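Note that our numbering has the sequence shown beginning at 353, numbered continuously upward.
Derived from the structure by calculation, the hints contain no laboratory data. Incorrect hints may have been included.
[As the list claims (entries may be wrong)] Restricting the straight-line Cα-Cα distance to at most 27 Å, the calculated cross-link-like pairs of lysine-lysine (DSS-like) are:
#1 K392 - K433
#2 K392 - K425
#3 K430 - K409
#4 K392 - K430
#5 K433 - K409
#6 K397 - K411
#7 K466 - K411
#8 K392 - K411
#9 K411 - K433
#10 K409 - K392
#11 K411 - K430
#12 K392 - K466
#13 K409 - K425
[Claimed, not checked] For each label pair, taking beta carbons as the anchor points, the in silico distance ranges come out as:
#14 P361 - S437: 33 to 41 Å
#15 D439 - Q359: 30 to 38 Å
#16 D386 - T354: 18 to 26 Å
#17 K433 - N355: 24 to 32 Å
#18 T446 - D399: 16 to 24 Å
#19 A403 - T360: 14 to 22 Å
#20 V449 - S384: 13 to 21 Å
#21 H369 - T416: 15 to 23 Å
#22 S437 - I362: 14 to 22 Å
#23 A396 - Q359: 15 to 23 Å
#24 G454 - G406: 28 to 36 Å
#25 N423 - H369: 34 to 42 Å
#26 T455 - K430: 26 to 34 Å
Source: prediction; values computed, not measured. Just so you know, even glycine gets a beta-carbon here, dropped at the ideal spot from N, CA and C.
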Amino acid sequence: MTNRHLQTPIMHRVVEHSGLVFVGGTTCDDESLDMAGQTKEILAKLDTYLAQAGSNKTKLLSATIFITDMNLKPEMDKVWKEWLSTDTFPTRATVGVADLGGTTLIEIVVTAHK
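With the sequences and hints as input, model every part of the structure.
Next comes the structure, spelled out in structure tokens:
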């Protein structure tokens with residue numbers, strides 16, 4: 353069975369299937385924030401999205417993070433490590449991209465289990 357949550361005009365933010373929870377690309381709402389601020393806002397959204405699907409950050413399996421400036425990666429990493437316990441780190445890839453639209457600095461995609 354597949355469950356879909358939080359429909360937008362172009363996608364569902366969260367899709368559950370076979371005990372897995374897929375969260376689509378998540379960005380911040382306040383683009384005036386710096387990298388740390390945008391990361392914190394996104395991680396708070398992920399907490400909410402995962403909870404709505406019956407999961408949480410300790411059940412993350414993988415993450416793909418897109419950032420527009422790899423020089424800002426240490427700021428993102430700091431917030432990431434404050435959000436997660438080292439024993440629950442998922443697999444992760446951080447990808448440098450030219451543009452995420454507007455002044456968005458970071459976008460995160462995650463997969464978790466229930």
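Inset, instruction - Return holds or violated for the Cβ distance of A396 and Q359 against the range 15 to 23 Å. - result: 21 Å, holds
Legend entry - Restraint status (C-alpha distance of K433 to K409 at most 27 Å): 12 Å, holds
Inset, instruction - Return holds or violated for the Cβ distance of H369 and T416 against the range 15 to 23 Å. - result: 18 Å, holds
Inset, instruction - Starting from the range 16 to 24 Å, see whether the pair T446 and D399 falls in it by beta-carbon distance. - result: 20 Å, holds
Legend entry - Straight-line alpha-carbon gap K430 to K409, limit 27 Å: 16 Å, holds
Inset, instruction - Starting from the range 13 to 21 Å, see whether the pair V449 and S384 falls in it by beta-carbon distance. - result: 20 Å, holds
Legend entry - Hint consistency between K392 and K433 [alpha-carbon to alpha-carbon, up to 27 Å]: Holds, at about 11 Å.
Inset, instruction - Starting from the hint 14 to 22 Å, judge whether the C-beta atoms of A403 and T360 obey it. - result: Given about 19 Å between the Cβ atoms, the range holds.
Inset, instruction - Mind checking the alpha carbons of K392 and K425 for me, to see if they're no more than 27 Å apart? - result: The given pair, whose Cα atoms are some 14 Å apart, holds under the 27 Å limit.
Legend entry - Consistency of beta-carbon spacing, Q359 to D439, with hint 30 to 38 Å: 34 Å, holds
Inset, instruction - Please test the hint of 28 to 36 Å on the beta carbon pair from G454 and G406. - result: 32 Å, holds
Inset, instruction - With a cut-off of 27 Å on the C-alpha distance, tell me whether K392 and K466 pass. - result: Between K392 and K466 the Cα gap is close to 23 Å, so the pair holds against 27 Å.
Violated hints for the displayed structure, listed by number in ascending order: 16, 22 and 26.
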